[in-house]
Amino acid sequence: MKIKFIAMTAALAMTATPVMAKTIKIGFINTFSGGAAIYGKHQKDALELALDHKGRKIGGLDVEVIYGDDQRKPDVGRQVAAKMLQKDKVDVVSGIIWSNILAAVQKMVVRDKTFMITTNAGWSHMAGKGCNPYFFSTSWNNDQSPEAMGKLMQDEKIDNVFLISANYQAGKDMLTGFMRNYKGKIAGRILYRLGQRDYQAELSQIRAAKPNAIFGFVPGGMGVAFGKQYRAAGMHKTIPFYSVFTIDYLSMPGWGKNAIGTYSTAYWDVSSKRPDNQKFINDFKKKYGYHPSLFAAQAYDLPFLLEYAVSAVKGDLSNKKGMIKAMEKVTYLPTKGKFSYNTNHMPIQNFYKRKVVADANGDPQVVTESVVLRDHKDAYYKQCKMRRP
Amino acid sequence: MSLLLLLEQTLNGIQFGVFLFMISAGLTLVLGIMNVVNLAHGSFYMLGAYYAATIMAWTGSFILALVIMLPAMLITGIVVEVLVLRTMYERDHMDQVLATFGLILFFNEAVRMIWGAESMPMDIPAFLSGHVDFIPDAPYPIFRIAIIIAGLLVAALLYVMITRSRTGMLIRAGASNRPMVGALGVNIRMLYMVVFGMGAVLAGFSGLMAGPILSVEPGMGEDMLILAFVVIVIGGIGSIRGAVVASIIVGIFETVGRSILPALLTQLMSSDAAQSMGPAMSSMLIYIFMAAVLFFRPEGLFPARTG
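Chains A and B are the protein sequences, given in the same order. Taking this note's numbering, I'd label the letters of the first sequence as residues 27 to 415. Taking this note's numbering, I'd label the letters of the second sequence as residues 243 to 549.
In short, the hints are calculated from the structure, not lab data. Incorrect hints may appear among the rest.
Unchecked claim - Pairwise CB distance ranges (calculated):
1) B:Leu536 <-> A:Gln195: 30 to 38 Å
2) A:Ser298 <-> B:Val324: 51 to 59 Å
3) B:Ile384 <-> A:His151: 44 to 52 Å
4) A:Pro415 <-> B:Leu536: 58 to 66 Å
5) B:Met526 <-> A:Gln195: 17 to 25 Å
6) B:Met403 <-> A:Asn308: 55 to 63 Å
7) A:Tyr358 <-> B:Thr252: 55 to 63 Å
8) B:Leu246 <-> A:Gly287: 27 to 35 Å
9) A:Lys311 <-> B:Pro378: 45 to 53 Å
10) A:Lys312 <-> B:Gly358: 56 to 64 Å
11) A:Lys355 <-> B:Gly302: 50 to 58 Å
Ideal Cβ placement from N, Cα and C applies to all residues, glycine included.
Start from the sequences, fold in the hints, and give me the full structure.
Okay, here's the thing in structure tokens:
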């Protein structure tokens, strides 16, 4: 029995080609439990759909995805990543919604010379001084969407804007990004407590300041509550709501009709008639029964990005230099369309003005109206001094 | 800040306070009378909102949601009492905390599996939508006035029940001397089951009132649970009167504090620092107040013995 086993392993070892790995292992870290599990659901569903579309192969290799739940806690994210690197020996660590979790995970992954591809979190440090050849993004840097919003409100000459954002790092980044392009008057500014649910006091304050519009960053359930209360106070009739990362198909079930008439800016041209984009949206709706969010779009692009890298090195995953070079040259991904990678491995892409309108059934629908920033670069790439292997 | 805005913010604070009272009432009953630390109270609040949102999605009726949700919450509460809490009465508080914390995790994930991770839609019913103008230029949502009325009704009902009815008398007797009440032939087990069920109903009712203006989502109870504990500690554990007073104080502190403090702090420091210190300090205020109350009156403002 034992001899037979040894013989079999020997035979197997001989048939395996020494250079070619048969599978590419992706460690996908996301939030799959707790109040923010909706992000993990959108991204996992999108990744699985992308793999279906690719016949479960990337660059001719089989794909194994190991999912890890970070429970929205940096320390847990770190543990999950360590296990993926040491035990599962993954080739790529990806996913990651929150900047603070990315901060806890990224360094460990790139030090191991393993690829770290964020499908959401975009912390400015990693676009600037903390950039790394093994780090890529399929999303954006935190403050780019609010930069677009600042430009939009400046261009449309909407003066006297009231700003409302969450009192933590990302919330402040949103306002900094907004102020980079907006030069008009500020009617007032509120930083609310993260996790806050009742906004009546804030709404009273906003109304008393008599602004022409609100710019807000109120993500997730906080935004849903804000939207209901904004509507209940009748303020949608007089003070329009402009936002980033607040109203998207992810939060739409909760926002419902309250979202109609609001504006936002984002990188994803959801209305694009490009066949790849339509295929993604239609097949996603068919398979899962709900509309994909921009977070889903970001995860959908991941296997397509890896495809370029793996086919360029003909499946030799140890040729990391070749993989980096190939990914740097990528100029097309299914949900982004044409774009390019900057010297810091962040996408140079368009940002769009989006509006929520009522569709034929009266249900809310996000449509893109125009390009606000064309081929937009983040504000930090000049600080990035990348030392390639 | 104008006087009218201050008036409006005070009204906002009272309204938020009444809302907090609805959540705290059940918690203070269960902790005060049964001496059980029930962290899962926030989960009952969440379940109430989910039950109501589901019934509203099926029937479109808020009243029907109310009528069906209340007995459903009573049953849920009783089932949890029989399965989990009943074995915990004789144990110390730490065991109860662990067990009910486990319930939080269980209910959050159960809700996520049944209803999904996204927010569940729930709108303000048509007959309570719209607003009234009793402060000039500040239309006030009718639904928030409905919350104030509902909260005051709950307070009155509980007060009468606990101090004037026979059941209330038995509950108070059971709280002060459990074996004696048992020896007198009262089914104390049954009594506790009813009290716990009532706690769940109260939590569920506040969930129903929260649904149309907050987000109905997994884990929605945790944010409220901490404030509810602050309220019952300040008010005196087990005291309905204490819960009323404390929740209004906390509501006003929270609301008026976070709208005034940033403006006040701007006088002292740069506007940026004031903007981020303001909300942090206003939420600290409540805890400082709680610490002060505990220092001068360790049993809270209205110790339960006085009702």
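Evaluated hints:
The hinted window of 30 to 38 Å between Leu536 (chain B) and Gln195 (chain A) holds, with their beta carbons roughly 33 Å apart. Range check, Ser298 (chain A) to Val324 (chain B): Cβ separation about 56 Å, and the 51 to 59 Å hint holds. One distance hint, 44 to 52 Å for the beta-carbon pair Ile384 (chain B) and His151 (chain A), holds here, with the actual separation near 48 Å. Between Pro415 (chain A) and Leu536 (chain B), the C-beta spacing of about 60 Å keeps the proposed range 58 to 66 Å intact.
With their beta carbons about 20 Å apart, Met526 (chain B) and Gln195 (chain A) fall inside the hinted range of 17 to 25 Å. Under the hint 55 to 63 Å, the C-beta atoms of Met403 (chain B) and Asn308 (chain A), about 57 Å apart, fit the expected range. At roughly 58 Å, the beta carbons of Tyr358 (chain A) and Thr252 (chain B) sit within the given window of 55 to 63 Å. For the hinted restraint 27 to 35 Å between Leu246 (chain B) and Gly287 (chain A), the CB-CB distance of approximately 28 Å keeps it satisfied.
Taking the beta carbon of each, Lys311 (chain A) and Pro378 (chain B) are about 48 Å apart, inside 45 to 53 Å as hinted. Look at Lys312 (chain A) against Gly358 (chain B): about 18 Å separates their beta carbons, and that is not inside 56 to 64 Å. Range check, Lys355 (chain A) to Gly302 (chain B): Cβ separation about 55 Å, and the 50 to 58 Å hint holds.
The earlier numbered hint that this structure contradicts is number 10, and it is the only one.
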